[in-house]
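Q: Spelled out, the chains give:
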Amino acid sequence: MLKLNVLELEKSEYTGGKSSLCPGCGHDQISNNIIQAAWENGIQPEKIAKMSGIGCSSKTPAYFLGKSHGFNTVHGRMPSVTTGANLVNKGLSFLAVSGDGDTASIGIGQFVHAIRRNLDMVYIVENNGVYGLTKGQYSATVEKGSKKKKGVANQQAPIDLCAMAINLGCSFVARSFSGSKKQLTALIRAAMSHRGMAFIDVISPCVTFANNDESYKSYNYVKANDEVLHILDYIPHFSPIEEVEVPEGEYQEVSLFDGSTLRLETLAADHDYTDAVSALSAIHQSEKAERHVTGLLYYDDNVPTATDTLGLSETPLVDLTEDLLRPNPDSLEKVNSGFRS
Amino acid sequence: MVMHKTQSHRRDPASSRFVRALGTKRAMEKIVNDFVVNVATANGTGSQSSNLIILHSMFEMGVPVSGKNLFPSNISGLPTWFIIRASDRGYQAPGDGTNIQILMNKDTWIKDLEGLEPGTIVVYNEDVKMPVERDDCVLLGMPMTKMARKINPKLGRLIANMYYVGAVAHLLGIEEYAIEKAVKAQFKGKEKAVELNIQAISEGREYANENWDFDCQFSVESREKDPDTFLIEGNEAIALGSIYGGISMLSWYPITPSSSLAESVINWLPELRSDGDGGSTCAVIQAEDELAAAGMVLGAGWAGGRGMTCTSGPGISLMSEFIGLFYFSEVPGVIWDVNRVGPSTGLPTRTQQGDLSMLYEASHGDTQHIVLIPGTVDECFEFGWRVFDYAERFQTMVFGFNDLDLGMNRWKTSGFTYPDSPMDRGKVVRSQEEMDSMPEYGRYRDVDGDGIAYRTLPGSGLDPILYRGTGHDEDGVYSEDPQVYHDTMARLKRKIDGAREQLPAPLIREEEKKDLGIIFYGSMENTIVEIDDMLEESGLSVSTCRVRALPLHSGVEDFVRRHDRTIVLEINRDGQLFGIIRKEFPAELIPKIHSVSYSDGMPPRARVYSDMILEVLEGL
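Line order of the protein sequences matches chains A and B. For the first sequence, our numbering begins at 1 and goes up steadily by one. For the second sequence, our numbering begins at 342 and goes up steadily by one.
There may be inaccurate statements among the hints.
As a list, the in silico DSSO-like pairs of lysine-lysine whose alpha-carbon atoms are at most 30 Å apart [as the list claims (entries may be wrong)]: (1) A:Lys-182 to A:Lys-288; (2) B:Lys-522 to B:Lys-371; (3) B:Lys-529 to B:Lys-470; (4) A:Lys-47 to B:Lys-495; (5) B:Lys-855 to B:Lys-836; (6) A:Lys-334 to B:Lys-522; (7) B:Lys-855 to B:Lys-924; (8) A:Lys-149 to A:Lys-135; (9) A:Lys-334 to B:Lys-452; (10) A:Lys-182 to A:Lys-47; (11) A:Lys-334 to B:Lys-371; (12) B:Lys-495 to B:Lys-529; (13) A:Lys-147 to A:Lys-182; (14) B:Lys-487 to A:Lys-334; (15) A:Lys-334 to B:Lys-768; (16) A:Lys-147 to A:Lys-3; (17) A:Lys-150 to A:Lys-223; (18) A:Lys-150 to A:Lys-135; (19) A:Lys-67 to A:Lys-181; (20) A:Lys-67 to B:Lys-933; (21) A:Lys-135 to A:Lys-147; (22) A:Lys-47 to A:Lys-3; (23) B:Lys-487 to B:Lys-525; (24) B:Lys-531 to A:Lys-334; (25) B:Lys-566 to B:Lys-495; (26) A:Lys-334 to A:Lys-288; (27) B:Lys-529 to A:Lys-334; (28) B:Lys-836 to A:Lys-67; (29) A:Lys-182 to A:Lys-223; (30) B:Lys-768 to B:Lys-836.
Keep in mind that the hints were calculated from the coordinates and are not lab data. Since this is a predicted model, take the numbers as computed values, not measurements.
Construct all of the structure, not just a fragment, from the sequences and the given hints.
A: Listed below in structure tokens is the structure:
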């Protein structure tokens with residue numbers, strides 16, 4: 001018998017079309033983790049809106065959640081389209097996938113402002129340090145000294161999207177690795193349970209253009225240099241006792257918006273996910289050591305979302321009927337006579 | 342030397358005799374409700390209030406009047422002019438010259454003075470201490486700043502402007518009740534300000550009365566005022582229209598001259614669009630740039646909302662990528678372009694019809710967009726709500742075309758008319774039953790033959806697709822198939838072509854003799870009557886056709902067919918509508934269509950265009 005989730009749906013209800021990415025691409029693993037997370041969390045597929053920009057990563061919404069509407073928008077502009085949709089329908093769960101070119105270069109402005117507004121969405125960057133679809137140019141997240149398969153090593157300073165997000169007051173910031181299935185699934189599940197901007201930077205090796213050992217985002221390099229902050233367990237609100245064994249050592253629990261919990265079994269004792277300075281320090285220490293710090297970097301459950309601050313109707317605006325969208329004839333008479341007096 | 346009867350010259354008997362003679366002579370042929378007042382001030386000195394008080398007080402008396410604000414791209418200090426024209430014939434263009442010049446700004450003083458026709462009445466602030474060397478003009482000085490400082494030392498600079506209001510009221514005979522009403526409307530609820538400003542205006546009037554021995558040949562005369570009429574900016578009319586059109590998301594990025602459109606929406610929302618529990622039924626968001634503003638409209642339209650943004654030419658340039666995505670993925674949305682002078686940053690605070698061809702074919706590849714073009718504030722309101730119906734009916738981005746002149750100056754209306762049809766939400770499948778009744782649903786399948794397919798909304802669970810700007814087949818699935826691409830583009834062409842007869846038809850005013858037809862659009866409506874009169878003075882029989890939408894209605898082509906010669910009249914350099922007509926109309930019609938196009942940033946002056954038309958006709 002097939003396994004069903006809390007909505008009694010099979011996992012196949014959450015899958016999508018066949019991937020056209022290179023065999024072995026890290027992005028496909030992330031897609032699988034998204035499918036797993038959405039299924040395990042028991043989210044109604046039709047309530048999810050899949051959003052993306054342009055690039056290899058942005059193609060992936062075609063490969064997961066086939067029962068969800070989605071929009072593969074233009075390069076770097078996914079956040080604004082998500083914003084518009086969110087403002088008129090706050091009842092949707094927005095799941096966005098972007099790449100390092102899409103977010104850290106052409107789309108950096110929209111990324112920044114979506115964070116500032118604390119847009120209620122899951123924002124995943126599939127970060128491989130190169131532009132894949134245009135055949136392997138460096139992106140702005142590539143580390144100084146890192147070298148892709150062809151050409152010379154990069155000499156420019158990288159943009160660290162997690163550090164940037166923390167500085168901008170992002171309410172949920174995490175980094176993971178496409179090869180760390182357990183950690184990544186737990187983080188995506190937690191991100192889906194969060195209300196506000198949940199940003200996850202996922203290092204996802206480009207098997208074609210930058211999977212050589214000199215590339216800091218290759219499988220071998222990340223495997224050898226992964227600075228894991230904590231072991232993560234996600235405890236869903238609908239079954240708080242199953243699935244998770246209570247760890248023996250020290251642990252912390254993060255209470256999420258929908259009542260679920262993210263349990264952090266602490267490895268790096270000095271990391272405090274509620275403290276931006278601690279999070280930034282972890283990022284800078286690992287950068288200095290030419291390593292990648294992964295896990296939940298920063299979390300703040302007390303930031304109002306984009307729609308919270310606008311004083312909108314309780315009902316999502318798309319569900320309002322004409323009598324609420326068009327003021328009555330008397331009101332126009334009042335407007336006219338106001339001008340006349 | 343023509344003298345003014347003030348201060349140093351007051352005791353000069355010769356000069357005062359001359360002034361009296363000049364005044365008396367003109368007084369014999371009083372010119373009623375037909376003159377132009379030009380006020381030269383510096384930006385940020387509060388002169389806008391004074392100018393609007395003159396405008397509104399005359400309007401209050403029923404005098405047909407219009408005002409043009411020529412302001413700089415600056416907050417404080419640069420020169421600004423305000424042109425007030427009274428015309429019993431209803432002319433609203435700035436006119437060819439100035440009859441009464443107010444001089445307040447020392448920076449433009451000399452040049453303003455030099456440019457005046459002999460005989461112009463010059464009212465100037467003596468405290469600016471600039472020479473007034475025009476023997477052939479009527480020179481009337483007043484120590485405006487000194488007098489203002491006497492009643493309020495701190496606000497002297499601002500209040501000085503009210504003294505020229507008093508001077509103009511005295512010269513033209515604007516009645517006190519009308520001034521009072523205009524002041525009260527201008528400083529709504531601020532009793533102290535009302536009192537102070539009325540005092541200043543009265544003092545100005547008294548000073549002029551006591552010190553100027555000059556009988557002005559121009560005067561206002563009360564006309565029966567339609568109690569329903571009022572003056573309003575086009576931008577505010579559009580804002581109200583959009584609110585009655587059910588706008589549910591406004592994204593905007595500040596840019597002159599469109600900001601007041603967004604700000605009007607914001608001002609009116611609390612009163613008009615609350616849900617009864619204090620929640621707003623429209624979201625407003627100030628975007629980080631125009632690209633994001635357009636993206637938000639796209640997102641709102643895709644999700645089933647009525648999204649809108651407003652901008653000007655530079656914003657459209659930035660939005661162009663998204664505009665192509667609207668067109669190709671077939672998402673409804675509304676973008677208002679309040680035209681200013683391009684190219685590039687251009688003249689940001691001046692007016693032009695410079696964006697028409699850009700709007701019509703915005704974005705790369707083959708595109709074509711619906712453009713609504715209001716010519717009056719009533720149409721600003723009407724198209725303000727209708728535009729959403731067109732966007733949702735045709736599942737595409739629809740432009741509203743406005744310009745600075747219509748958008749930021751005040752025009753007359755008798756009040757706005759309530760929408761005469763319910764909202765048209767277009768072809769949306771909203772339930773499983775509806776979906777089941779469709780034999781072979783596909784997001785882009787043209788089942789009705791009008792090029793418009795049925796869509797479903799996110800959240801509905803009904804036949805979801807991944808919307809995309811890449812090639813797609815009838816089911817919305819990625820495709821690079823040559824036939825599929827070709828068929829999609831042909832259908833889009835058919836869809837927008839199908840809008841022609843459904844869009845606002847041209848307004849045609851036709852003579853029996855089909856001698857000359859003039860095709861024009863937008864804010865030129867406010868000058869066309871005067872142009873028409875000037876041309877008819879030279880014996881021509883002139884019909885006019887005001888285009889109100891793109892793509893062009895068949896009525897425009899019929900108009901051309903019926904007339905011997907046709908002029909396409911525009912406020913730009915290249916004749917942008919002429920270009921569209923030349924491209925789309927049958928080749929045999931083209932030889933009888935001619936372009937008259939002129940733009941210098943100023944609101945259109947009738948004489949400039951009528952002369953150019955005559956010149957073109959002579960050359961035929």
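Q: State the violated hints by number, sorted upward, taking the hints as numbered earlier in the document.
A: Hints 3, 4, 5, 9, 11, 14, 15, 16, 20, 25 and 26 are the ones this structure does not satisfy, whereas the remaining hints hold.
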